[in-house]
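Chains as they are written, first to last, in the numbering used here: chain A, 111 to 229; chain B, 2 to 115.
Think of the hints as simulated: they come from the structure by calculation, not from any bench. Glycine included, C-beta positions come from ideal geometry on N, C-alpha and C. Watch out, some of these pointers could steer you wrong.
Stated by the list, open to error - What follows is a set of in silico ranges between Cβ atoms, one per label pair, in the way DEER data are often shown:
1. A:G195 to B:C41: 16 to 26 Å
2. A:K181 to B:S29: 33 to 43 Å
3. A:L206 to B:N23: 40 to 50 Å
4. B:P115 to A:E193: 37 to 47 Å
5. B:A21 to A:G150: 32 to 42 Å
To be verified - Sample of chain B residues at the chain A side, in silico, Cβ under 10 Å:
6. Q7
7. E44
8. P45
9. R67
10. K80
11. L81
12. S82
13. T86
14. C89
15. V90
16. K107
17. I113
Unchecked claim - Calculated cross-link-like contacts (lysine to aspartate or glutamate; reagent style DMTMM-like; alpha-carbon spacing at most 25 Å):
18. B:K43 to A:E188
19. A:K124 to A:E188
20. B:K107 to A:E166
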Amino acid sequence: DTGVSQNPRHKITKRGQNVTFRCDPISEHNRLYWYRQTLGQGPEFLTYFQNEAQLEKSRLLSDRFSAERPKGSFSTLEIQRTEQGDSAMYLCASSLVLRGTSGSLHEQYFGPGTRLTVT
Amino acid sequence: RKEVEQDPGPFNVPEGATVAFNCTYSNSASQSFFWYRQDCRKEPKLLMSVYSSGNEDGRFTAQLNRASQYISLLIRDSKLSDSATYLCVVTPARPSYRDDKIIFGKGTRLHILP
């Protein structure tokens with residue numbers, strides 16, 4: 111157990127519904143990342159936060175996806191009007207990155223993921 | 002050339018053998034490199050960072066070749082419990098407060114055979 115938790119662990123929803131996932135990172139970590147992973151692929155970067163600021167969003171993150179980290183602690187990822195192609199494992203990771211430090215502090219620790227199935 | 006590329010495998014290796022994985026990257030400005038391990042239907046877990054001078058942790062050795070733009074992972078005396086998917090990770094930008102995204106390879110599957 112890395113200390114990163116995600117809820118729910120599994121979500122089955124019908125096409126067109128909205129879903130929201132939550133990630134609680136390791137408490138002292140200032141960075142939080144969201145990834146999507148499908149079978150046979152590595153995790154694909156979606157977005158990340160430095161404290162409460164969302165610093166980058168992947169082109170994979172369509173307008174139907176939104177992520178927040180309002181107080182710089184937990185984060186939520188919402189998918190609106192879900193499509194079957196959204197079915198995947200959604201992974202959250204956190205890391206501690208200090209200004210001016212080396213890349214070794216970019217080690218990320220992953221949560222168990224939320225498996226989304228859109229029917 | 003893909004940003005990060007790995008042999009998908011699977012590698013089927015007898016227990017006790019030595020196995021090596023390579024991972025190539027396209028961005029010469031890449032600065033940070035890692036190997037992660039992922040068990041079936043589980044989250045990725047950090048195995049080791051890869052330093053310019055190379056590093057070793059027990060049976061595992063990681064190397065970085067900047068000239069040829071690849072990193073490698075060597076597992077000696079492989080165990081059944083080493084069966085997993087091994088993911089290489091590359092951070093493109095210089096380590097800085099505002100970093101570029103981190104890129105995962107697709108992973109190489111390893112099966113250790115008894």
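The hints, checked one at a time:
With their beta carbons about 23 Å apart, G195 of chain A and C41 of chain B fall inside the hinted range of 16 to 26 Å. Restraint check, K181 of chain A to S29 of chain B: a C-beta distance of roughly 39 Å satisfies the suggested window 33 to 43 Å. A hinted range of 40 to 50 Å is violated for the C-beta pair L206 of chain A and N23 of chain B, which are about 29 Å apart. The beta-carbon spacing between P115 of chain B and E193 of chain A, approximately 43 Å, falls within the hinted interval of 37 to 47 Å.
Checked against the hint of 32 to 42 Å, the pair A21 of chain B and G150 of chain A fails, with Cβ atoms roughly 22 Å apart. The criterion of a C-beta within 10 Å of any C-beta in chain A is met by Q7 of chain B, whose closest approach is roughly 8 Å, and the hint holds. Because the closest C-beta pair between E44 of chain B and chain A is about 4 Å apart, less than 10 Å, the hint holds. Hint status for P45 of chain B relative to chain A: holds, with the closest Cβ pair at about 5 Å, below 10 Å.
With 10 Å as the threshold, the beta carbon of R67 of chain B stays out of range of chain A, its nearest partner Cβ sitting at about 13 Å, so the hint is violated. Below 10 Å, beta-carbon pairs count as interface contacts, and K80 of chain B has none with chain A, the closest being about 22 Å; its hint is therefore violated. Evaluation of the L81 of chain B hint against chain A yields a violated restraint, the C-beta minimum of about 23 Å exceeding 10 Å. With 10 Å as the threshold, the beta carbon of S82 of chain B stays out of range of chain A, its nearest partner Cβ sitting at about 18 Å, so the hint is violated.
For T86 of chain B, the shortest C-beta to C-beta distance to chain A is roughly 9 Å, which falls under 10 Å, so the interface hint holds. For the restraint placing C89 of chain B at the interface with chain A, the shortest Cβ-Cβ distance is roughly 9 Å, inside the 10 Å limit, so the hint holds. Taking 10 Å as the C-beta contact cut-off toward chain A, the hint placing V90 of chain B at the interface holds, the least distance being around 8 Å. With a least beta-carbon distance of about 5 Å to chain A, the hint placing K107 of chain B at the interface is held under the 10 Å criterion.
Annotation: interface hint on I113 of chain B violated; nearest CB of chain A at approximately 20 Å, more than 10 Å. Restraint check for K43 of chain B and E188 of chain A: the C-alpha separation of about 22 Å stays at or below 25 Å, so the hint holds. In summary, the hint linking K124 of chain A to E188 of chain A is supported, as the alpha carbons are separated by about 15 Å, within the 25 Å threshold. The hinted pair formed by K107 of chain B and E166 of chain A meets the criterion: a straight-line CA distance of about 22 Å does not exceed 25 Å.
Going through the hint list in order, the structure does not satisfy hints 3, 5, 9, 10, 11, 12, 17.
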